[in-house]
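*Asks:* Spelled out, the chains give:
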Amino acid sequence: MRLVVLTTALLALSGPAFAATTYPLTLQNCGAEVTFDKAPARVVTIKSTATELLLSLGLGDRIVGVGFQDGPLPEALAAAGASLKVLADKLPSQEVVLETDPDFIYGGWESNFAADGAGERPTLEQLGVKTYVAPAACRTVKPPKLSFDAIFAEIGEMGSIFDADAAATALVDSQKASLAALAPDPRGLTAVWYSSGTKAPYVGAGSNAPAMIMTALGLKNVFGDVDDGWVAASWEAVVDANPDVIVLVDAAWNPAAQKIKLLSENPITSQLDAVVNQRYLIIPFPASEAGVRNVPATLDLAKQLAALNIPAK
Amino acid sequence: MPQRPAYLAAYAGLWALLLASATIAVTFGPAEISPTEVWGTILHHLGMAGDSPLSHLRDAIVWQLRLPRVLAALGIGAGLALAGTVMQVLTRNPLADPYLLGLSSGAALGAVIFLLTGAALLMPVGAFLGSLAALGLALLIARLLGGATPSRAILAGICIAALASAATSLLIFWSATGDSYREILSWLLGSLSGTTWGDAVLVMLALALCTPIILLSGRGLDAFAFGDDAAASLGIDITRLRWTLLAATALLTGVMVAIGGAIGFVGLVVPHAVRLAVGSRHRVLLPMSMLVGAIFMLWTDTAARTLFDPRELPVGIVTALIGAPAFLLILLRYRRVT
Amino acid sequence: MSGLVVGNATVKAGDRTILNRVSLTAPKGGVTGLIGPNGAGKSTLIAAMLGLRRLSSGTIAFNGTNLPGMVPGERAKLCAYVEQSATTAERLTVRDVVALGRVPFQTAWQTMPSGHDALLVQAALEAIGLSAFATRLYHTLSGGEQQRVQIARALTQEPQLLLLDEPTSHLDIQAQLLVLDLLRRRAEAGCTIVLAMHDLNLAARFCDHLVVMQAGAVVAQGSPDAILQPDLLRQVYGVAATIVRLPGSAHPIVVYDRAETDAAAAKLD
Numbered sequence: 002m003r004l005v006v007l008t009t010a011l012l013a014l015s016g017p018a019f020a021a022t023t024y025p026l027t028l029q030n031c032g033a034e035v036t037f038d039k040a041p042a043r044v045v046t047i048k049s050t051a052t053e054l055l056l057s058l059g060l061g062d063r064i065v066g067v068g069f070q071d072g073p074l075p076e077a078l079a080a081a082g083a084s085l086k087v088l089a090d091k092l093p094s095q096e097v098v099l100e101t102d103p104d105f106i107y108g109g110w111e112s113n114f115a116a117d118g119a120g121e122r123p124t125l126e127q128l129g130v131k132t133y134v135a136p137a138a139c140r141t142v143k144p145p146k147l148s149f150d151a152i153f154a155e156i157g158e159m160g161s162i163f164d165a166d167a168a169a170t171a172l173v174d175s176q177k178a179s180l181a182a183l184a185p186d187p188r189g190l191t192a193v194w195y196s197s198g199t200k201a202p203y204v205g206a207g208s209n210a211p212a213m214i215m216t217a218l219g220l221k222n223v224f225g226d227v228d229d230g231w232v233a234a235s236w237e238a239v240v241d242a243n244p245d246v247i248v249l250v251d252a253a254w255n256p257a258a259q260k261i262k263l264l265s266e267n268p269i270t271s272q273l274d275a276v277v278n279q280r281y282l283i284i285p286f287p288a289s290e291a292g293v294r295n296v297p298a299t300l301d302l303a304k305q306l307a308a309l310n311i312p313a314k
Numbered sequence: 024m025p026q027r028p029a030y031l032a033a034y035a036g037l038w039a040l041l042l043a044s045a046t047i048a049v050t051f052g053p054a055e056i057s058p059t060e061v062w063g064t065i066l067h068h069l070g071m072a073g074d075s076p077l078s079h080l081r082d083a084i085v086w087q088l089r090l091p092r093v094l095a096a097l098g099i100g101a102g103l104a105l106a107g108t109v110m111q112v113l114t115r116n117p118l119a120d121p122y123l124l125g126l127s128s129g130a131a132l133g134a135v136i137f138l139l140t141g142a143a144l145l146m147p148v149g150a151f152l153g154s155l156a157a158l159g160l161a162l163l164i165a166r167l168l169g170g171a172t173p174s175r176a177i178l179a180g181i182c183i184a185a186l187a188s189a190a191t192s193l194l195i196f197w198s199a200t201g202d203s204y205r206e207i208l209s210w211l212l213g214s215l216s217g218t219t220w221g222d223a224v225l226v227m228l229a230l231a232l233c234t235p236i237i238l239l240s241g242r243g244l245d246a247f248a249f250g251d252d253a254a255a256s257l258g259i260d261i262t263r264l265r266w267t268l269l270a271a272t273a274l275l276t277g278v279m280v281a282i283g284g285a286i287g288f289v290g291l292v293v294p295h296a297v298r299l300a301v302g303s304r305h306r307v308l309l310p311m312s313m314l315v316g317a318i319f320m321l322w323t324d325t326a327a328r329t330l331f332d333p334r335e336l337p338v339g340i341v342t343a344l345i346g347a348p349a350f351l352l353i354l355l356r357y358r359r360v361t
Numbered sequence: 252m253s254g255l256v257v258g259n260a261t262v263k264a265g266d267r268t269i270l271n272r273v274s275l276t277a278p279k280g281g282v283t284g285l286i287g288p289n290g291a292g293k294s295t296l297i298a299a300m301l302g303l304r305r306l307s308s309g310t311i312a313f314n315g316t317n318l319p320g321m322v323p324g325e326r327a328k329l330c331a332y333v334e335q336s337a338t339t340a341e342r343l344t345v346r347d348v349v350a351l352g353r354v355p356f357q358t359a360w361q362t363m364p365s366g367h368d369a370l371l372v373q374a375a376l377e378a379i380g381l382s383a384f385a386t387r388l389y390h391t392l393s394g395g396e397q398q399r400v401q402i403a404r405a406l407t408q409e410p411q412l413l414l415l416d417e418p419t420s421h422l423d424i425q426a427q428l429l430v431l432d433l434l435r436r437r438a439e440a441g442c443t444i445v446l447a448m449h450d451l452n453l454a455a456r457f458c459d460h461l462v463v464m465q466a467g468a469v470v471a472q473g474s475p476d477a478i479l480q481p482d483l484l485r486q487v488y489g490v491a492a493t494i495v496r497l498p499g500s501a502h503p504i505v506v507y508d509r510a511e512t513d514a515a516a517a518k519l520d
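Residue numbers (my numbering), protein chains in the order written: chain A, 2 to 314; chain B, 24 to 361; chain C, 252 to 520.
Chain A on its own, in the form it takes in the complex (with noise of 0.2 Å):
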């Protein structure tokens, strides 16, 4: 709500008028060709990133259903998402998704649209429902290293489909500004990004939300060599490392309280510096994949790291 407020004043208070959409709107998404002859009125998001992007936008009215949400809405949106209809926990199959007459489908993964799940494009294309892949997450047409702006880019894009300029560029402006304000800290701290895994841990790697981050925050990721999102490694190399932070994510399905627990009482990660210290920087899941919610993670995170003491090398 505060948002919607936000943007109807900064339009007030602006000068030139924003731009327009021009329908048919015709973008590349994912591999796909993808025409919009009107905006959407009729929306299912899937994921918790699709959501919260178009209730930034203020366009909460127009979704339909929501499925596979990763969290509890942030704080900012939760009022405008309070009374959104949930269609399914995990995935919703296709019949549940066009019993809401949807027109229009915001994937957050590329498997949501699978035969199992939402439908496949094609198919959903044929029924007149268009569909769009959040590009940080597509995986036919591998997007390039992740960055904010990439984030922003989707935003806009968001804004261009629902004709909804104005919003959108608000949000991007309001998130860049906040973004400029961020210094990196300065101590040249390594970090490892530990997003879940016993026997092996799956930490973030060099391509998406973990590494575009961890940069901002002035972090050195131990795995940032890694061209991939995330990756299963090994016990051995983040030892090694010895990274003076851990981020953990926090997730309901594997809380950071039982990560942090399982890093202590393990023989050989409790004598991580981090661990003994107990130097650790806390992230919820639906923040740590590429969407509205990194810009404020990662100024939230940059609190956390500086409230941190660690000795000078």
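Do not take every clue at face value.
Claimed, not checked - Residues from chain B that face chain C, not an exhaustive set, calculated with beta carbons under 8 Å:
1. R27
2. L257
3. D260
Said to hold, decoys possible - Listed next, with one range per pair, are the computed distances between beta-carbon atoms:
4. A:D90 with B:D251: 53 to 59 Å
5. C:S500 with B:D251: 41 to 47 Å
6. B:I181 with A:D90: 34 to 40 Å
7. B:T59 with C:G366: 46 to 52 Å
8. B:D260 with C:Q480: 41 to 47 Å
9. A:G72 with B:A142: 21 to 27 Å
10. C:T276 with B:I236: 40 to 46 Å
Hints listed in this document are in silico derivations from the structure and should not be mistaken for laboratory results. C-beta atoms are modelled at their ideal positions from N, C-alpha and C, and glycine is treated no differently.
Given chain A, work out where chains B and C should sit, using these hints.
*Replies:* Leaving out everything else, chains B and C in the frame of chain A:
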């Protein structure tokens, strides 16, 4: 077939190869630690040398991560090869592997249940309980089929395996999140990541218990070559032999699967490879299969954890990649000989 | 009482009676032939002696000891068995198979045959004429060669009682005579031999004592001269035959005339 001196030489050679492999494999890994440092730290822990030459963390890498994993790989390889050999002769089926009694499917179900209910660290316990449950159910069904004979137990095991597999798939589909998919898949493929000293000791205990029982049945297995009647006429108590071997194999496999997951191909291919070289005299085949299985498992696991540094592959992928073509070669060799 | 004595042995499987109060004596140190048409119960009787088929009633004793009741390990040191056909999928050489005969005498932790074992194996191979085949894989041999290997294996057991089920069925003529000659010499050395036979002429020539079985019962037993009579042959085998004795020969010869299908023969099937 070669006589006594040739056999002794072969044993000596295999043992030497095993020890050499272990010595070398423990020096491999993502962390850059020189072989002298590795062995320096191991000797230090064994109380034989002075201080450890490494920092406490790198020392932990060698002593807590690599060494137990090397030992577990050796033990699991030996155990699975032994179990596979026994199952092949007991069922008179060259395609038999240690998992025939529904053991690995039951273990998978147990492991998945424990993982999905949040007890991820206790997955080995779940796996072991699952394999015991599968075995128990198989025996129960065999009784219901009209008396638990070993062949009925195996048939029932096949049913249980199918049932457990279906249940596992359902559970995974129903409640797994992206994270647990990965852990489950890794377990189903077979993985020695994160092996602890506790795991290694368990593997060795299971081996220590079951190996003598199985090796001492070598005589009976040899007599069994021409069927039940022939073996009975040579003085072997067939029924007792079968039950003893089934029990020992089930226990051994249950523990191996609980620790390492459903590692495939070792129990199937190693016995055939060794049989091609030394024939079917079980008193020689069984111990040699163990040695070859151990060496094979050690090298495949070392490859799995070092080839794609810093990634770790589940070792089951490597055993399959090597095992499948190896099996093909063995089959071709069989054809040429017969 | 020495030798093999079977007293009223009965074997039932469900409702069917396979052996019906079979009684016979196989004298010690003699060759006793079990003859009779297919399905007479010869194989079952031999299996019952080894404890492989449970006796519903009756006794089987060898040198006074209850044979089926013995501990299998002890019985294997006394009595050897050659099945009708023995195949295996295992990769065993001829020497390996023959060496199996020493299993009852080996301990569980003995991984290789002892020197004594090896000598017995070699002797058996030579006696049966297969020493050139020692390193060949068993399953590559012909049926007849495999049969001879099994006999060699039985010989390494140094049995006092040797039970053979149709040991010459796959052998060519020369091999048949060699094997039966070998068995005769064993008998003369003190081994009691019981063999199920098809060929009546070979039975007549090599056996001291014949037991005729039909439909699970003993029809007659005695010396070949006494047993091989045209009436019996017609009754049991359904053939018309003439018994001939060559001058100077110790045993009768059966010359087959034709198959008999008259009412008298058919009734007794």
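*Asks:* Does each hint hold? Answer for all of them.
*Replies:* Hint by hint, here is what the structure shows:
1. The restraint placing B:R27 at the interface with chain C holds, with a minimum CB-CB distance near 6 Å, inside the 8 Å limit.
2. Hint status for B:L257 relative to chain C: holds, with the closest Cβ pair at about 5 Å, below 8 Å.
3. Annotation: interface hint on B:D260 holds; nearest CB of chain C at approximately 6 Å, less than 8 Å.
4. At roughly 56 Å, the beta-carbon separation of A:D90 and B:D251 lies within the given 53 to 59 Å, and the hint holds.
5. In this structure the hint that C:S500 and B:D251 lie 41 to 47 Å apart at CB holds, the actual value being about 43 Å.
6. B:I181 and A:D90 have their C-beta atoms about 35 Å apart, which keeps the hinted 34 to 40 Å range intact.
7. Our hint of 46 to 52 Å for B:T59 and C:G366 holds, since their Cβ atoms are close to 48 Å apart.
8. Under the hint 41 to 47 Å, the C-beta atoms of B:D260 and C:Q480, about 45 Å apart, fit the expected range.
9. Distance hint for A:G72 and B:A142: a CB-CB separation of about 22 Å, consistent with the stated range 21 to 27 Å.
10. Separated by about 44 Å at the C-beta atoms, C:T276 and B:I236 satisfy the suggested range of 40 to 46 Å.
Comparing the model with each earlier hint shows no violations; every hint is respected.
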